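*Asks:* Below, each chain spelled out in residue letters.
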Amino acid sequence: MSGGVLIVGEVVDGGLHPTVRQLVNASERIGNEASLCLAVDSTFDDSVLEGIGVGNVILLEHTDTAADGSGGVYSLLTELACEAVKRLEPSSVLIAKTDAGSVISARIAARFDAGLASDCIDLALNADGKVAVTRPVHGGSALAVYEFAGDGLQVVSVRPGSFEPAPVSGGLPEIERLDMSDVSVEGEVPVLVETVSEEGEGIPLEQADVVVSGGRGLGGPEPFDNLRELCGLLNAALGASRAACDAGWIDHSHQVGLTGKSISPTTYITFGISGASQHMAGCSSARNIVAIDKDREANIFSHARYGVVGDWAKVLPAFTAAVAELD
Amino acid sequence: MLKIAVCAKQVPDTDIPPSQFKVDEGALRVIPPAGVPPIVNGFDMNAVEAALRLRDAGVECEIVIFSVGTEFALDVMKKPLAIGADRLVLVDDEASESLDALGTARVLAAAIERDGGADLVLAGRQASDWDQAHVPIMLSEIMSAPLVTLVRNLAMNGGGESFEVERVAEGGFQRIECPIPAVMTVTNELGEARYANLRGIMAATRKQPETMTIADLGIGDVANNGKLEMTRLFVPISESNVEFIEGEDEADSGRLLALRLREAKLI
Ligand SMILES: Cc1cc2nc3c(=O)[nH]c(=O)nc-3n(C[C@H](O)[C@H](O)[C@H](O)COP(=O)(O)OP(=O)(O)OC[C@H]3O[C@@H](n4cnc5c(N)ncnc54)[C@H](O)[C@@H]3O)c2cc1C
Ligand SMILES: Nc1ncnc2c1ncn2[C@@H]1O[C@H](COP(=O)(O)O)[C@@H](O)[C@H]1O
Numbered sequence: 001m002s003g004g005v006l007i008v009g010e011v012v013d014g015g016l017h018p019t020v021r022q023l024v025n026a027s028e029r030i031g032n033e034a035s036l037c038l039a040v041d042s043t044f045d046d047s048v049l050e051g052i053g054v055g056n057v058i059l060l061e062h063t064d065t066a067a068d069g070s071g072g073v074y075s076l077l078t079e080l081a082c083e084a085v086k087r088l089e090p091s092s093v094l095i096a097k098t099d100a101g102s103v104i105s106a107r108i109a110a111r112f113d114a115g116l117a118s119d120c121i122d123l124a125l126n127a128d129g130k131v132a133v134t135r136p137v138h139g140g141s142a143l144a145v146y147e148f149a150g151d152g153l154q155v156v157s158v159r160p161g162s163f164e165p166a167p168v169s170g171g172l173p174e175i176e177r178l179d180m181s182d183v184s185v186e187g188e189v190p191v192l193v194e195t196v197s198e199e200g201e202g203i204p205l206e207q208a209d210v211v212v213s214g215g216r217g218l219g220g221p222e223p224f225d226n227l228r229e230l231c232g233l234l235n236a237a238l239g240a241s242r243a244a245c246d247a248g249w250i251d252h253s254h255q256v257g258l259t260g261k262s263i264s265p266t267t268y269i270t271f272g273i274s275g276a277s278q279h280m281a282g283c284s285s286a287r288n289i290v291a292i293d294k295d296r297e298a299n300i301f302s303h304a305r306y307g308v309v310g311d312w313a314k315v316l317p318a319f320t321a322a323v324a325e326l327d
Numbered sequence: 328m329l330k331i332a333v334c335a336k337q338v339p340d341t342d343i344p345p346s347q348f349k350v351d352e353g354a355l356r357v358i359p360p361a362g363v364p365p366i367v368n369g370f371d372m373n374a375v376e377a378a379l380r381l382r383d384a385g386v387e388c389e390i391v392i393f394s395v396g397t398e399f400a401l402d403v404m405k406k407p408l409a410i411g412a413d414r415l416v417l418v419d420d421e422a423s424e425s426l427d428a429l430g431t432a433r434v435l436a437a438a439i440e441r442d443g444g445a446d447l448v449l450a451g452r453q454a455s456d457w458d459q460a461h462v463p464i465m466l467s468e469i470m471s472a473p474l475v476t477l478v479r480n481l482a483m484n485g486g487g488e489s490f491e492v493e494r495v496a497e498g499g500f501q502r503i504e505c506p507i508p509a510v511m512t513v514t515n516e517l518g519e520a521r522y523a524n525l526r527g528i529m530a531a532t533r534k535q536p537e538t539m540t541i542a543d544l545g546i547g548d549v550a551n552n553g554k555l556e557m558t559r560l561f562v563p564i565s566e567s568n569v570e571f572i573e574g575e576d577e578a579d580s581g582r583l584l585a586l587r588l589r590e591a592k593l594i
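If you're matching them up, the sequences are chains A and B in order. According to the numbering used here, the stretch in the first sequence is residues 1 to 327, in order. According to the numbering used here, the stretch in the second sequence is residues 328 to 594, in order.
By construction, these hints were calculated from the structure, which means they are not laboratory data. If you're wondering where the values come from, they're calculated on a predicted model, not measured in any experiment. Certain hints may be false.
Keeping only pairs whose Cα atoms sit at most 20 Å apart, straight-line, the calculated DMTMM-like set for lysine to aspartate or glutamate is [what the hints assert, rightly or not]:
1. B:Lys592 - A:Asp209
2. B:Lys330 - B:Glu491
3. B:Lys349 - A:Glu297
With the hints as constraints, model all of the structure from the sequences given.
*Replies:* Here it is, written out as structure tokens:
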């Protein structure tokens with residue numbers, strides 16, 4: 001390739017991570033020829049690449065990729081991505097800002113002395129062919145636009161969910177398998193002992209059409225039982241602010257926000273959440289925000305479609321009772 | 328004795344109301360609200376707490392705080408000392424304003440090296456000013472040390488030859504055995520930093536930070552390497568179009584809200 005955009009995609013259980021198609025879409029903003037590289041083992045089934053919409057795909061084959069992918073240390077994935085950058089000499093690397101992508105992108109940038117813009121929500125190409133990015137900063141309180149300068153490699157990580165997935169197009173792309181079995185991680189590496197799944201209760205936040213969340217204003221763990229009851233009636237997922245999670249009222253797996261889950265339900269109903277920018281960062285793509293808070297000046301109301309100013313302890317029981325009576 | 332370096336950054340207070348957050352669009356700078364002192368980045372205090380818990384668990388260790396910045400608020404930066412960290416090393420330099428993440432990582436690496444190195448470098452998962460989450464990862468690359476991100480629990484194994492780590496992962500957590508030396512980033516799931524007691528505060532008042540400039544570190548010109556240039560900084564406008572539902576009392580408002588949401592087909 002030499003020049004052009006290289007997408008570094010993530011593979012999960014033999015399938016493409018949802019961000020891969022989002023990256024394909026994002027890549028169209030900064031070039032018309034993107035290549036996609038994926039770290040896979042020999043069991044990888046090409047057919048998942050059907051309609052991926054990039055001209056060519058490079059499969060970086062190594063037997064240990066799956067273990068590393070779930071290993072959380074991403075050392076091998078980093079080495080494979082760096083090897084791909086070395087061989088293909090792209091002008092830009094696009095990667096998703098997932099846990100793995102955060103690590104891999106920063107290590108690529110350090111290794112190649114490249115510019116790095118992370119967690120970008122928009123991309124463009126300047127008149128002089130340089131990439132410009134928009135990224136939220138200060139917890140989402142502000143947006144910053146950056147332009148790459150100089151001729152070096154441009155590494156961009158993209159916030160998951162900020163681009164729609166590219167539409168399915170074309171059949172199977174051109175696929176090149178590169179034998180990477182001689183790539184290894186030098187020095188000592190952390191070893192994954194086990195992965196423990198700790199799924200939160202109820203419907204997964206990312207999939208729910210309605211989400212009900214509670215914050216510090218609830219004052220303790222008990223009111224979350226009232227929210228659970230409401231969730232049951234609405235077929236909703238249960239969310240929370242970081243303040244509520246940090247207080248130990250509810251597990252962190254329910255946290256919505258910049259450092260929690262990103263959600264995009266049709267309806268997001270909050271009780272006692274002030275709407276700090278870091279919280280809004282995780283729910284700004286909710287289509288309708290409904291807020292119940294006793295402070296009329298709370299920031300959540302400047303994002304909300306519907307609001308009730310009042311004490312949750314009075315509003316919630318009546319709301320729940322009325323919901324129960326709806327047919 | 329285990330030497331622990333904790334990287335801590337001074338950042339603007341994140342707990343101000345969003346309406347008080349202002350930027351100077353011409354100068355491309357954030358304007359800190361008058362009279363609100365900066366804080367030690369929240370996740371970095373979680374990192375200090377992680378170090379202190381190792382000590383509580385019986386690991387003999389020296390805990391040294393490293394910070395790169397300028398116009399330090401000393402009483403703020405001494406907070407880690409007040410809860411039990413041993414020393415504070417400040418790289419105080421105006422040029423730090425124009426360091427990018429890689430530059431910052433190089434300066435931190437050099438400062439830690441000059442201090443005799445470290446067996447464990449702890450950092451926050453990200454700094455709440457520019458939300459990058461780059462510096463510790465690059466630090467691990469520069470130091471060629473293993474990296475574990477998003478640590479929520481940290482202990483030393485029985486023989487003291489490796490760390491037993493739990494890190495937050497999608498849908499659960501991972502148990503990892505990590506060799507020494509290592510770089511780790513700490514997340515708030517680990518738990519909040521303890522409060523300082525009076526004795527701690529007094530002890531911290533008496534301690535003086537060791538200060539240096541970037542030039543003292545002899546790593547050449549790391550500032551302003553200009554790979555990325557900020558061209559705009561602005562506060563996005565969110566147009567409020569909230570419809571307040573007001574009934575006879577709060578309970579009535581709750582009832583009317585349910586009816587309104589059903590009418591709009593939102594529930
Ligand atoms: C780097 C960084 C990352 C962060 N990431 C996240 C994140 O991912 N998610 C997140 O949520 N936060 C995050 N935060 C924290 C965020 O800044 C806020 O501190 C947090 O969201 C506040 O939670 P809250 O709204 O529940 O609490 P508060 O801001 O304290 O708001 C409580 C609200 O409850 C209302 N209230 C009180 N009593 C009642 C009552 N009886 N009835 C009705 N209303 C009542 C109050 O009026 C207030 O509006 C992050 C912070 C930083 C610095
Ligand atoms: N200037 C700095 N001085 C000390 N530590 C820093 C500095 N910048 C970043 N760090 C550390 O690196 C972490 C991640 O920062 P960042 O990459 O800027 O998001 C922070 O939580 C700190 O632990």
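*Asks:* So, for every hint listed, does it hold in this structure?
*Replies:* Status of the hints after comparison with the structure:
For the suggested pair B:Lys592 and A:Asp209, the alpha carbons sit about 12 Å apart, so the restraint of at most 20 Å is met. Between B:Lys330 and B:Glu491 the CA atoms are separated by roughly 17 Å; this keeps the pair inside 20 Å, and the hint holds. A C-alpha spacing of about 18 Å is found between B:Lys349 and A:Glu297, which places the hinted pair at or below 20 Å, so the restraint holds.
Going through the hint list in order, the structure satisfies each hint without exception.
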